[in-house]
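Student: Residue numbers (the working numbering): 1 to 212.
FYI, nobody ran anything at the bench for these hints, they're computed from the structure. Possibly wrong hints are sitting among the right ones.
What the hints assert, rightly or not - With a Cα cut of at most 27 Å, we get these calculated DSSO-like pairs of lysine-lysine: (1) K55 to K94; (2) K61 to K30; (3) K207 to K137; (4) K127 to K94; (5) K81 to K30; (6) K19 to K81; (7) K155 to K194; (8) K30 to K19; (9) K55 to K96; (10) K122 to K96; (11) K7 to K42; (12) K61 to K94; (13) K62 to K42; (14) K30 to K7.
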Amino acid sequence: MEVRLQKFLAECGVASRRKCEEIILAGKVKVNGVLITELGTKVNPESDVVEVDGKIISSEKKVYILLNKPVGYVTTMSDEKERPTVMELLEGVKEKVVPVGRLDMFTSGLLLLSNDGDFVYKVTHPKHETTKTYIVKTRGVPRESDLEKLRVGVKIEDYTTSPAEVNLLLKDNTNNIARIWIRIHEGRNRQVRKMCEAIGLSVIALKREGVR
Numbered sequence: 001m002e003v004r005l006q007k008f009l010a011e012c013g014v015a016s017r018r019k020c021e022e023i024i025l026a027g028k029v030k031v032n033g034v035l036i037t038e039l040g041t042k043v044n045p046e047s048d049v050v051e052v053d054g055k056i057i058s059s060e061k062k063v064y065i066l067l068n069k070p071v072g073y074v075t076t077m078s079d080e081k082e083r084p085t086v087m088e089l090l091e092g093v094k095e096k097v098v099p100v101g102r103l104d105m106f107t108s109g110l111l112l113l114s115n116d117g118d119f120v121y122k123v124t125h126p127k128h129e130t131t132k133t134y135i136v137k138t139r140g141v142p143r144e145s146d147l148e149k150l151r152v153g154v155k156i157e158d159y160t161t162s163p164a165e166v167n168l169l170l171k172d173n174t175n176n177i178a179r180i181w182i183r184i185h186e187g188r189n190r191q192v193r194k195m196c197e198a199i200g201l202s203v204i205a206l207k208r209e210g211v212r
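From just these sequences and the hints, can you work out the full model?
Tutor: Shown next, in the form of structure tokens:
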């Protein structure tokens with residue numbers, strides 16, 4: 001059943017109904033990705049995604065999902081290229097959850113999903129410096145001086161990465177393969193892959209093992 005947007009926000013504890021009206025008029029609310037500035041707008045609490053200042057607002061019970069994402073799935077709600085999405089792996093989940101951050105199509109491992117807007121914000125906003133841990137299998141064996149570059153920060157396109165924690169787990173000089181443990185607190189597009197490329201390594205496989 002549809003309800004007025006300001007009523008929905010107030011019932012979700014955002015603010016008083018009068019204050020919620022001010023928030024809408026100030027252009028701080030989106031419904032399904034569309035900016036809303038009219039007070040007469042109605043929403044369906046069961047199907048519409050409502051955001052205030054980028055935070056998802058929900059009246060549902062809070063749900064937190066830890067998914068071991070396989071390679072071959074994109075981290076989006078839907079995909080215009082009709083590629084498989086992580087949402088297809090959530091059979092039986094009734095709540096409207098969203099991915100907390102992203103993993104590219106060819107990266108596997110830990111992916112969080114939730115309908116708790118505050119949680120999503122805290123995990124994804126750069127100011128909280130949430131750390132992500134990865135295991136990387138590379139073509140090419142790095143020298144200690146190469147790993148030190150990652151620890152200090154390397155130039156990627158138009159930015160320099162923040163210092164990372166890096167350890168060499170395995171080196172196979174015969175087959176020219178290595179396995180590296182990397183922990184970062186940034187989350188730029190394909191960052192770990194680009195970090196490895198910056199020191200002359202080609203990524204064979206990438207798996208995220210932790211978020212904290």
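Student: Which of the stated hints cannot be reconciled with the structure, identified by number in ascending sequence?
Tutor: 4 and 6
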